[in-house]
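Read off the chains here:
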Amino acid sequence: METLHLLAYSPPGWGATLLAGLWNSLLIAVGAFGLGLILGTLGAWGKLHGGPVTRDLLAMYTTIVRAVPELILILILYFGVTDLVNQILIALGHERIQISGVAAGIAVLGVVQGAYATEVLRGALLAVPQGQVEAAKAMGMPPFLMARRIIFPSMLGLAMPGLANLWLIATKDTALLAVVGFSELTFATRQAASTTKAFFTFFMAAGVIYLIITLLSGWAFARIERWARRGEPRNAGG
Amino acid sequence: MRGADVMRGWLQPHRIVLILIGLGLVYVCVTQMRWDWLPKYAPMMAEGLWRTIWLLILSSILGMALAIPLGLAQAAGPWYLAKPAQVFCTVIRGTPLLLQIWLLYYGLGSLFPQYPWIRESDLWPILRQAWPYALLALTLSFAGYEGEVMRGAFRSVPRGQLEAARAMGMPRHLILWRIWLPQAVRAVLPTLGGETVLQMKATPLVATITVVEIYAVASRVRQDTFIVYEPLLLLALAYLALAGLIVLAFRWFENRGPVRHRPS
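Protein chains in written order, with our numbering: chain A, 1 to 238; chain B, 1 to 264.
Calculated directly from the structure, the hints in this document are not laboratory data. Ideal Cβ positions, reconstructed from N, Cα and C, are used throughout, including at glycine. Treat the hints with caution; some may be incorrect.
Not everything, but these chain A residues come out facing chain B in the computed CB check (under 7 Å) [stated by the list, open to error]:
hint, residue
1, V68
2, T186
3, T196
4, F200
Away from chain B, derived, C-beta distances all over 12 Å, residues of chain A [as the list claims (entries may be wrong)]:
hint, residue
5, G31
6, L37
7, W45
8, I64
9, F79
10, I88
11, A91
12, Q132
13, L168
14, A175
15, V179
16, T201
17, I213
18, R229
These stretches of chain B come out as covered by chain A in the derived footprint (C-beta under 8 Å, 3 or more residues) [to be verified]:
hint, region
19, 138 to 152
20, 238 to 251
All chains, please: the whole structure from these sequences, using the hints.
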């Protein structure tokens, strides 16, 4: 490969551009995953304990988000949210602002992640043994202490595989922001590739970077899961 | 009688209110937004929708045909088949599809013209277009994800059945064809519906390499007329309908197979 020197960190290499893209990708993935967890927790709570209207609205949210391609949701939310914020600002007598790509990306992917997280967390919440919750209630435990000491620890192990999957989806979905021209890893790669015409070198390099993220995440999540299940008996259920 | 009960359970008062609000929103969308571009672009949209559908069907069938040997190799193959299959699935599942599509299209697309024998071959008019790369990328992606699913499915078939077949002296390919594969496919049918919806959600990515499917048509409307939301909303509706159809089709498939007798 005579084009490998193009991957060098400093110009004429494109390493710095790729790393900046990688940083943006990771930032958005972490932000979107976090936002998705918050939305998912609220959504799961609402689906299990909310009134009929809340439950129907949440069902619509999860169904629509999981049936419509992310690319289209990104475009609708990207244009829509920017427009809406600016219209509100103008109505309040402020000037238009340019919403940063990172913020918009986190918001958009977070909403998508929230729908999947709702389902994952709902399943995990349902699997918490009801007797333990009732016992805690009978002991007069305040709701937050109960959530922290009883519900959270026992649902964490069950939710972990689903959450690991969601994190991987989050890292890969950041690539979709390349389509709206946000300079994350895939977009930076394409820029570098089309400037230098070394398509294979750059796309392969980006692929290796994504693969490393995936493998490292898989390892980390496996460890977290083992830690979260530390109190459970081996071969539970039989 | 039962149908009426189901309807009453479903049509609770708050749902009627929600449906009325929804109908009101649809009415506002239809009357207040701009739809005058629709007659001009409708034929193009229909063509784009058709292209989306055949890309989806073809890539799913071809991908599944690849996924079965991939799953089999991982579940029961010798290490020199199992390891490459596992690496393939990991690589496909560990990198974004958009990157794979671009790698195939720009990478292979820039490599092929360098070889005169490819340029002079009969395949060249096809290889110059974008859709073969799109189909290849979607097929490989589906194969990677389903290969993993099939691995679990092949393992889930009870060992006793395979041993019984072997004890009866059934040849190996017949065991696979009559006993192993049918049960593995039946086991994945419920998952496969969801996976096909995911595959449908991946199809608009091929618009980035100039394949004109329905998403590309909607982008074109946006560029031509500067109307942003209307084509996107219509697009979302089209994909929702497609997803609904896929789910219904798989449910129909599932109900056709023999019912498993559960010990009760």
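Hint check results:
1. About 5 Å separates the beta-carbon of V68 of chain A from the nearest beta-carbon of chain B, less than 7 Å, and the hint is met.
2. Taking 7 Å as the C-beta cut-off, the interface hint given for T186 of chain A holds, the closest approach to chain B being about 5 Å.
3. Annotation: interface hint on T196 of chain A violated; nearest CB of chain B at approximately 11 Å, more than 7 Å.
4. The criterion of a C-beta within 7 Å of any C-beta in chain B is met by F200 of chain A, whose closest approach is roughly 5 Å, and the hint holds.
5. No Cβ of chain B approaches the Cβ of G31 of chain A within 12 Å, the least distance being about 18 Å, so the stated non-interface status holds.
6. With a minimum CB-CB distance of about 21 Å to chain B, L37 of chain A clears the 12 Å threshold, and the non-interface call stands.
7. Listed as a non-interface residue, W45 of chain A keeps its Cβ farther than 12 Å from every Cβ of chain B; the least gap is roughly 19 Å.
8. The beta carbon of I64 of chain A is not kept farther than 12 Å from every beta carbon of chain B, the shortest such distance being approximately 7 Å.
9. Against chain B, the non-interface label of F79 of chain A is violated: not every CB pair exceeds 12 Å, the least being about 5 Å.
10. In this structure I88 of chain A is separated from chain B by more than 12 Å, as the shortest Cβ-Cβ distance comes to about 17 Å.
11. With a cut of 12 Å on Cβ distances, A91 of chain A stays outside the contact zone with chain B, its closest approach being about 18 Å.
12. No Cβ of chain B approaches the Cβ of Q132 of chain A within 12 Å, the least distance being about 29 Å, so the stated non-interface status holds.
13. Annotated as non-interface, L168 of chain A brings its C-beta within 12 Å of a C-beta of chain B; the closest such distance is 8 Å.
14. A beta-carbon of chain B comes within 12 Å of the beta-carbon of A175 of chain A; the shortest separation is about 4 Å.
15. Under the 12 Å C-beta cut-off, the non-interface status given to V179 of chain A relative to chain B is violated; the minimum distance is some 6 Å.
16. Its closest Cβ contact with chain B, about 9 Å, brings T201 of chain A to no more than 12 Å, contrary to its assignment away from the interface.
17. With a cut of 12 Å on Cβ distances, I213 of chain A falls inside the contact zone with chain B, its closest approach being about 8 Å.
18. Taking the minimum C-beta to C-beta distance to chain B, about 20 Å, the non-interface status of R229 of chain A holds against the 12 Å cut.
19. Coverage of the region 138 to 152 of chain B by chain A is violated. Counting CB-CB distances below 8 Å, 0 residues qualify, and the rule asks for three or more.
20. Restraint check on the region 238 to 251 of chain B versus chain A: 4 residues with Cβ-Cβ distances below 8 Å, three needed, restraint holds.
Checked against the numbered hints listed earlier, the structure breaks hints 3, 8, 9, 13, 14, 15, 16, 17, 19; every other hint is satisfied.
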